[in-house]
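*Asks:* Here is how the chains run, residue by residue.
Number of protein chains: 2
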Amino acid sequence: MAQQSPVGYFRNRTISELAEQLRAGEVTAVELARGALTSIDELDGALNAFVTVDREGALEAAEKADAELGEGVDRGPLHGIPVAVKDIIEVAGLPTTMGSEHFADYVSTSDAECVRRLRDAGAVVVGKTTTHEFAFGPTGDSAHNGPSRNPHDTSRVTGGSSAGSGAAVAAGMVPLALGTDTGGSVRIPAALCGVVGFKPTFNAIPTGGVFPLSQSLDHVGVLARTAQDCRISYRVLAGLRTAPSRDSGQTASIGWIPPTALHPTDAEVDRIARAALDVEGFAVQDVELRDPVVMHKAFAGIQFSEAYAIHAERVAQNPHLFTPDVMRRLQEAGQTTGWQHVRALTARDQWRAEVNELLSHVDLLALPTTCVVAPEIGQRDITVDGTESNVRGALLSLTKPWNVAGVPAVSVPAGSIDGLPVGVQLVSRPGQEDLLLAAATRITN
Amino acid sequence: MAQQSPVGYFRNRTISELAEQLRAGEVTAVELARGALTSIDELDGALNAFVTVDREGALEAAEKADAELGEGVDRGPLHGIPVAVKDIIEVAGLPTTMGSEHFADYVSTSDAECVRRLRDAGAVVVGKTTTHEFAFGPTGDSAHNGPSRNPHDTSRVTGGSSAGSGAAVAAGMVPLALGTDTGGSVRIPAALCGVVGFKPTFNAIPTGGVFPLSQSLDHVGVLARTAQDCRISYRVLAGLRTAPSRDSGQTASIGWIPPTALHPTDAEVDRIARAALDVEGFAVQDVELRDPVVMHKAFAGIQFSEAYAIHAERVAQNPHLFTPDVMRRLQEAGQTTGWQHVRALTARDQWRAEVNELLSHVDLLALPTTCVVAPEIGQRDITVDGTESNVRGALLSLTKPWNVAGVPAVSVPAGSIDGLPVGVQLVSRPGQEDLLLAAATRITN
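Heads up: the protein sequence lines correspond to chains A and B, in order.
Heads up, the first sequence is in this note's numbering, so the first residue is 28 and it goes up one at a time.
Heads up, the second sequence is in this note's numbering, so the first residue is 28 and it goes up one at a time.
Be a bit skeptical, because a hint or two may be false.
Partial pick of chain B residues on the chain A-facing surface, computed with a CB cut under 10 Å [as the list claims (entries may be wrong)]:
{"#": "1", "residue": "Gln-242"}
{"#": "2", "residue": "Gly-328"}
{"#": "3", "residue": "Tyr-335"}
{"#": "4", "residue": "Ile-337"}
{"#": "5", "residue": "His-338"}
{"#": "6", "residue": "Ala-339"}
{"#": "7", "residue": "Gly-361"}
{"#": "8", "residue": "Thr-363"}
{"#": "9", "residue": "Gly-365"}
{"#": "10", "residue": "Ala-371"}
{"#": "11", "residue": "Ser-387"}
Covered stretches of chain A, going by a simulated chain B footprint (3 or more residues, C-beta under 8 Å) [stated by the list, open to error]:
{"#": "12", "region": "322 to 333"}
{"#": "13", "region": "353 to 367"}
Derived CB-CB ranges, DEER-like [claimed, not checked]:
{"#": "14", "chain 1": "B", "residue 1": "Gly-405", "chain 2": "A", "residue 2": "Asp-376", "range": "37 to 43 Å"}
{"#": "15", "chain 1": "A", "residue 1": "Thr-136", "chain 2": "B", "residue 2": "Leu-348", "range": "41 to 47 Å"}
{"#": "16", "chain 1": "B", "residue 1": "Thr-373", "chain 2": "A", "residue 2": "Asp-408", "range": "34 to 40 Å"}
{"#": "17", "chain 1": "A", "residue 1": "Asn-230", "chain 2": "B", "residue 2": "Glu-315", "range": "40 to 46 Å"}
{"#": "18", "chain 1": "B", "residue 1": "Ile-444", "chain 2": "A", "residue 2": "Asp-376", "range": "57 to 63 Å"}
{"#": "19", "chain 1": "B", "residue 1": "His-388", "chain 2": "A", "residue 2": "Thr-136", "range": "33 to 39 Å"}
{"#": "20", "chain 1": "B", "residue 1": "Arg-355", "chain 2": "A", "residue 2": "Gly-235", "range": "42 to 48 Å"}
{"#": "21", "chain 1": "B", "residue 1": "Ala-94", "chain 2": "A", "residue 2": "Ala-380", "range": "44 to 50 Å"}
{"#": "22", "chain 1": "B", "residue 1": "Glu-384", "chain 2": "A", "residue 2": "Ala-294", "range": "56 to 62 Å"}
No wet-lab data here; the hints were simulated from the structure.
Keep in mind that this is a model prediction, so the values were computed, not measured.
For glycine and all other residues, C-beta sits at the position ideal for the given N, C-alpha and C.
Using the sequences provided together with the hints, build the complete structure.
*Replies:* Shown next as structure tokens:
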């Protein structure tokens, strides 16, 4: 049974509201930073969302943000807004552990490009969030600093790998967090923790300074309370200078992918996600996938080959430093053959062609974000709709297709089952992030 | 000791000369086709250059070519010219064995795109030439129809994999032959048989209808007596309609790559190849390779992974149908891991950058085509300049860099050692085939 969710300073505040209040003098950036730090102090003992909290750096940045606003220097919608950063993304002067003992003593000397852009926009980095070790797992419960815990039920996972980012936003410790998403690592914790998680088109946000998991699938993304907050942050991170187009309110045609085409799915999750699309202006019809096996093969062959290429020397020289969970996956990854990788690349091209084709008939695709609600921490097997599955495969099954395709995708809260959140996912054509996020703002539950 | 080379009908005739004679009424296409067929009858028992001879089809096409010329229909410089086609390239109505028992009974139902272009240009296909099984070997002595033999010494290999194409042109059975080149398979037999072999920029000649060996390295190329004949044929095969620029006779700057940077090289081969560049208008200087190991890794990882992806089911189901030589290579190829393939792709990008950099300082690069003259048939180990090597690695070492880079390369006869030919190789920037072949025509020996 789910517990009462903890209520941090930002639990009921959006970035848009905070931005207004800052400029109206109703709140200061320092107050927001203190709100974040106090919430972390109060709540993080139970949640383990943070690996590192940069109290001093946050307050200093907040003071600077206030001073600038006082002098009329306005860096835009993220000016003075606290942000948490997943701990595989470099922040100058802070440790970046990658969730791993391998990097237990590593301190970054420069900012990742995405962090640099946030700071340039006036955002205030408050700390680094728990990641599944090397981002190589969708549960978020296998990290050198211990598992992050779901604010809705601390016996359950947050989902991962951007685990702490999901918990931190869900608990209201911060209004915004950076994550990375290789097979669903932003959208899965967003869905399981009940917040919005968004990844744009492949490479729309630069990955410089982000520790790679699988370079042709890795995306930087954001987690926030609302789709509108994701939209604001995305524009900063992607370096877009023009204003977003206003939501025209026109009808959006949406192709619903019955999730069982990809993985057995809890019937109630399916129902709730589908029902979230009962929105004025959404015209929803079912669409059929031609050959989902192609997508599964593409993902496995590419992710395993690329991930092992990153870690081969660590596996050879210091295997004992990996968590057992990630070590097992790496051993499996190392078995992938070159010819399977070649076929995976061909399968990727086939899947991309199929997604392009699907998205030529509708504006958006939709499906649940995950096929189950948050599993227990440490749980590795799960029965979904009567079928035995492994938790990892189940959690990734509905999100990874959009990494293989490289297209934008967002997870939006759709409801809950016994207090555990359910997410619905929208997917758009490459470059149509604005349309996607405008549609996402229309989903309310 | 080398033997007296056999003298076929085309031994001393270039395509340019034949084209003039055809139009002057001094010879007919039927006479040329008969010249080819008679030469094959006389010489091929000793050389095994041909798998299939299409006597009837050749004479029919030749008659048509004569009739058209008689009616004033002139299809250009290849009109009425006999051509031989490597037996991994599809020719409608003829068997395509791929040099393998796997395809012993296979008959093609359509022309490869390159064959279609030759026929559209009026060329007369006389037959299919011996290929190393599935083009997977640079010696040309491992094929279901037996080894092809070097016209300069029938105890020695032609080189491969376009083995029969090399022997057929060298012996004067045809003035032109199609080959494919994945690591040197056009240039190696050209060098070892004493003819010109040319491969253009990657994908400049379409590979449709050509059985793949390694799709990101495969090139269609040509073998002929002169660089000018290659130039004429290339323009047809690449679908170029404008006339080639005239050789300006200007100085070409050439970067000489000392071959020992890539592989131990016979000192006399090195000397002869280098001396062939003592040409008025060539300004030659040595250049240094930064990291040749990168190139070797790229080639092995990519070729092995892609080749095994083509053959995995055949290896699993009918391993006994492969020649032992190719079966051993495939077993090795299947061991390549996915992560090694990923690193090979990265290494390829590094090598391409290095080649681009080298070619930004000089017009052309040059080096010997092979590091040794033709080895004995069946020989698998060889001592080169005091170092034990395997024949396969030795033969490929100086040609494969230009497949990894995807840049045009041509092998031109440079001289001989005890009657066995030595080739020198020129390499240009992508798209500069015309400059490359114009320079190649200036090399005479």
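*Asks:* Hint by hint, say whether it matches the structure.
*Replies:* Outcome of the hint check:
1. Gln-242: Nearest chain A Cβ about 8 Å off; hint holds.
2. Gly-328: 6 Å, holds
3. Tyr-335: 4 Å, holds
4. Ile-337: 8 Å, holds
5. His-338: 9 Å, holds
6. Ala-339: Holds. Min distance 6 Å.
7. Gly-361: 7 Å, holds
8. Thr-363: 4 Å, holds
9. Gly-365: With Cβ-Cβ at 3 Å, under 10 Å, it holds.
10. Ala-371: It holds, given that the least Cβ distance between Ala-371 of chain B and chain A is near 8 Å, below 10 Å.
11. Ser-387: 26 Å, violated
12. 322 to 333: holds (count 4)
13. 353 to 367: holds (count 8)
14. B:Gly-405 / A:Asp-376: 37 to 43 Å: Between Gly-405 of chain B and Asp-376 of chain A, where Cβ atoms are some 41 Å apart, the hint holds.
15. A:Thr-136 / B:Leu-348: 41 to 47 Å: Violated, since Thr-136 of chain A and Leu-348 of chain B (Cβ atoms, about 58 Å apart) do not stay within the stated range.
16. B:Thr-373 / A:Asp-408: 34 to 40 Å: Holds, since Thr-373 of chain B and Asp-408 of chain A (Cβ atoms, about 36 Å apart) stay within the stated range.
17. A:Asn-230 / B:Glu-315: 40 to 46 Å: 35 Å, violated
18. B:Ile-444 / A:Asp-376: 57 to 63 Å: 48 Å, violated
19. B:His-388 / A:Thr-136: 33 to 39 Å: Check passed, 35 Å falls within 33 to 39 Å.
20. B:Arg-355 / A:Gly-235: 42 to 48 Å: 44 Å, holds
21. B:Ala-94 / A:Ala-380: 44 to 50 Å: At roughly 46 Å between Cβ atoms, Ala-380 of chain A and Ala-94 of chain B fall inside 44 to 50 Å, so the hint holds.
22. B:Glu-384 / A:Ala-294: 56 to 62 Å: About 60 Å separates the Cβ atoms of Glu-384 of chain B and Ala-294 of chain A, which means 56 to 62 Å holds.
Going down the numbered hints, you'll see the structure goes against 11, 15, 17 and 18, while the others check out.
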